[in-house]
Amino acid sequence: MATAVLASAALALTACSGGGDGGGDPAETTLSFFTDKAAWESSFDDMNDASDGVAPQLDFTGYSDPTAYDAFIKQSFRTNERPDLFTWHTGDQLAELVDQGLVAETTDIWDEAIADGYVTEELAENYTYEGAQYCVPMNVVYWVMYYNTQVFEDNGLDVPTTWEEFIDVADTLVANGVTPLHQMNIIFEFVWFQAILAGLDPDAYDGLSDGSVSYTDPPVVEAMEIWHQMQSDGYFIDPGVETDPQVLLQSGDVAMAYFGTFFTGQLNDLDMVSGEDYGSFLLPAVDGDLPQTPVIVETGPLCVGADSDNEEAALAYSQWWMTTDAQSAWSESRGDVSFNPEATVTDEGLAEITTQATSDDSLQMRRYLEATPNEIYTVASEEFGAFVTNNDDPTGHLQAIQDAADAYWADNS
Amino acid sequence: MSAPTARRAELLPRGNKPKNPYWTSSIGFVAPGVLLVAVVLYLPFIWTSWISLTEYNGLGDPEFVGIDNFTAMFADPGFLVSLRNTLFWVIGTILLPVGLGLLIAVLSHGMPNATWFRLPFLIPYAISGVAVGVIWSFVLQTNGALSQALSFLHLPGADLRWLLDGPLNTVMMILAASWQGAGVNALLFGIGLQSIPKEPIEAARVDGASGFTLFRTMTWPMLAPLTTVVVGLAIVGSLKTFDVVWAMTQGGPGRVSETLALTMYKETFVNNDYGLGAAVALFLTVITVLASILYLRRQLADSRAM
Amino acid sequence: MIARKIVLAILGLLWLVPVYLLLANASKLPAEFGNYGLWEPGTLGGLGQNMLDAWSRGKLNSGVLSTAIYAIVAPAIAVVVGAAAGFAIVALRLRNGFFWLVVIFAASIFPLQMILMPLFVGYAQTGLFNTRVGMILVYTVIAVPFSAFVMRNFFTGVAHQVFEAAVVDGATTWRIFWRIYLPMAVPALVAVFILQATFVWNDLLLGLTLTQSAEVRPIVTALSALQSTYGGSTMSTVLAGGLLVSLPTVVLFLATQRIFTRGLSLGQF
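Residue numbers (our numbering), protein chains in the order written: chain A, 1 to 413; chain B, 414 to 719; chain C, 720 to 988.
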């Protein structure tokens, strides 16, 4: 079974490199395209304009419920409704599809793109399984701190460059009756864990993802204690407040919000202007002695279904997608950063973030959600959600996550 | 007529020769309904039952593991919380939306402009679930509309974290569900009230019965067929509670507000443990079938005697 | 009567409070949302602007026609199928009627989330996936158990003499069903119809799972896209969209209210 799939994947690749002798002109093809980023439809419409005559067109189907979407994509491989092209998640989730031979290999495309400088080799690690690459990056997100410039000005604050300065900023805000930070108890409940631990001990953060470090080890406990202290000091807004984070940042109900760079688009929707109404900075590392500042990076793949109707054209599209032309168009349409360092990023704030995040002073690290095996992540998100809500003793939560980790690594070492 | 043996005879199909003159046409009238549900609902259910005996992650082929999923299910403390919350939902739903629905129907029955008085209760059902979820988040969030109103009126409770602490969050979500569901029950009870013949009620009234006595001795028994519908639907619906909880807390924080339907959904689609999810689904189905048969058998057997 | 009116009016006003909050918050422009308190209303212009925004961002126009078809056709078929089953069980005294009622009703017990995946696979294999026929079929089936249950219990309130009298007049069962039982059951049929039509109109799960193209997809799948975590719209836009999408069902409820007040007293037959 596995060999058959591998063989067919290899066949497909040969067909691709053979210059499209298996079908018509890829640029004339329309691909079935699925994504859980339903709100991005207009940007994909823009990309259809950009790919007109050069690469295939996409027939967009968007899902708003990520859970329903994941289940749909998996089940679709059991039917003849296989997607030509679809967005997915890196980490464990992609590994599952690769194991089953459901996504087409893209090693050749990656080799070429790296040679052309379209993408960094660092990023390729997210897409590599047993030495081969699968899928191409659809987007990249850097997790950074957004702040309300007016609130900073009113309180006489500057952008912090060290963790100590960051804590001072937060303390000043608390003293002046302003809630410093946004926090959620669902969806992004894990982000402060990753931010603090990666900044405290990047190796320990990395070690959690392969089981070499335990959740009850000293660095992890220390990171939780720091988080616990920050919550006790009133740094975070009550997680029961369900107003949109962009609205809270705009109104100054929170001074800062730690979010992925996709948040820029949400702020711009409120007519907030980058550099005037809000700014962003990389969160300084907790441990100031680290040689590089860890930056959390999230990347979502664009995958080609193996044996889909238009596999070859979909691979051609993937290749085009990584080019500077395509990425400049994407960045302009989304108002977001691109994985391609050559692409033009129009938003100055984001351009600055991109420069910093890709410089040698920064260490790119995978987001916790993608870095953690799904079975551990599920328990962790429940535990972090409860911790954010109740700010109780972290020990019990860490133990519960470690129990899940023990069970997982016993089965999958 | 209503002896236990007679009931059992009706519950189980026997191979006896039919004596009913409308035998063929009665089959013809019931067949479309039976066939439709059999193909579209029973077949998938059979598949789910099979999956509950396997280990399956949604990809590849299911692997037979016997009753492992069921032992894992009962060993999970989160499952027991979920079971308890589901029980809260059943009791809460029978008390609140059903009770309120009856109250609204009885109060507005026979009233001129009754439709206008009933309308506010029906609007919530007509509003799209997406908007309902957002609105109740506004109401119940920390320092949200409810807390603001309480503190404005100088009432206690403004500091409560409505959606964050269990079991308070389950109680609040039952209230939100009652807001949406009471009007439908009022509508169904209203139909029941309209189909009650006027003469016996008038006769009782002439005999001096009125108010609550009249309701208890005359109206309530005659309302039985529709009460069965409303309560039966409430039992089934509350055991399956999903939408409200998914929209408002997703079962959290942690797992304190999870219901069985949520456990099933999360195990299947979030944790990719299709086998365990199917086991929860099967368990949920079995208790729902038992609850509804126990309830319906008594109710329907009684109402048939009329 | 006055006391009853006062109790109902107070309860009714209480019920309208969340509706007020919905309107108040749907009418705040996203950029100004933070300036208002939760209880303060926005402006009428804001409401219109947000609705337009939701309409164009969510591409809601594409789903309207198909959703209307589903919400009308499927419940209409389901009420007739359900009434037929109820008629067979009650009037024709179907053998083992209770058993068959349980068979139909028990189908509503399965949690919908659980049958989605097998349904999707089955639909993809039979070519029903992403077709309007497929959607009408599944919505009809979902509505049948409820419809059969209500209609069966409604018919138990009808004296059997009605049926016997019609038989004496020489009517066929087919004719008795269409000409006597169905017309008599109009309020119950309408109630079942509007409740199920509302369900279909607001359905998200089946729409997400069994369709993909914009022409076949129901409207709520488009509406919910406004809510996504990545680049979703603000709450006021989502609320305005929700309100807009809810208008037809609210109007449906308003329009059918009269049917319930005709004061049919059915037990008198």
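Derived from the structure by calculation, the hints contain no laboratory data. Glycine is no exception: its CB is placed at the ideal position from the N, C-alpha and C atoms. Among the hints, erroneous ones may be present.
[Stated by the list, open to error] Here are the simulated distance ranges between beta carbons:
no.: 1; chain 1: C; residue 1: Pro760; chain 2: A; residue 2: Val221; range: 36 to 42 Å
no.: 2; chain 1: C; residue 1: Lys724; chain 2: B; residue 2: Ala488; range: 24 to 30 Å
no.: 3; chain 1: B; residue 1: Glu476; chain 2: A; residue 2: Asp217; range: 30 to 36 Å
no.: 4; chain 1: A; residue 1: Ile187; chain 2: C; residue 2: Ala787; range: 49 to 55 Å
no.: 5; chain 1: B; residue 1: Tyr708; chain 2: A; residue 2: Val221; range: 48 to 54 Å
no.: 6; chain 1: C; residue 1: Ala878; chain 2: B; residue 2: Phe625; range: 52 to 58 Å
Comparing the hints with the structure gives:
no.	hint	in the structure
1	C/Pro760 / A/Val221: 36 to 42 Å	violated (50 Å)
2	C/Lys724 / B/Ala488: 24 to 30 Å	violated (56 Å)
3	B/Glu476 / A/Asp217: 30 to 36 Å	holds (34 Å)
4	A/Ile187 / C/Ala787: 49 to 55 Å	violated (34 Å)
5	B/Tyr708 / A/Val221: 48 to 54 Å	holds (52 Å)
6	C/Ala878 / B/Phe625: 52 to 58 Å	violated (28 Å)
This entry does not satisfy hints 1, 2, 4 and 6, going by the numbered hints stated previously.
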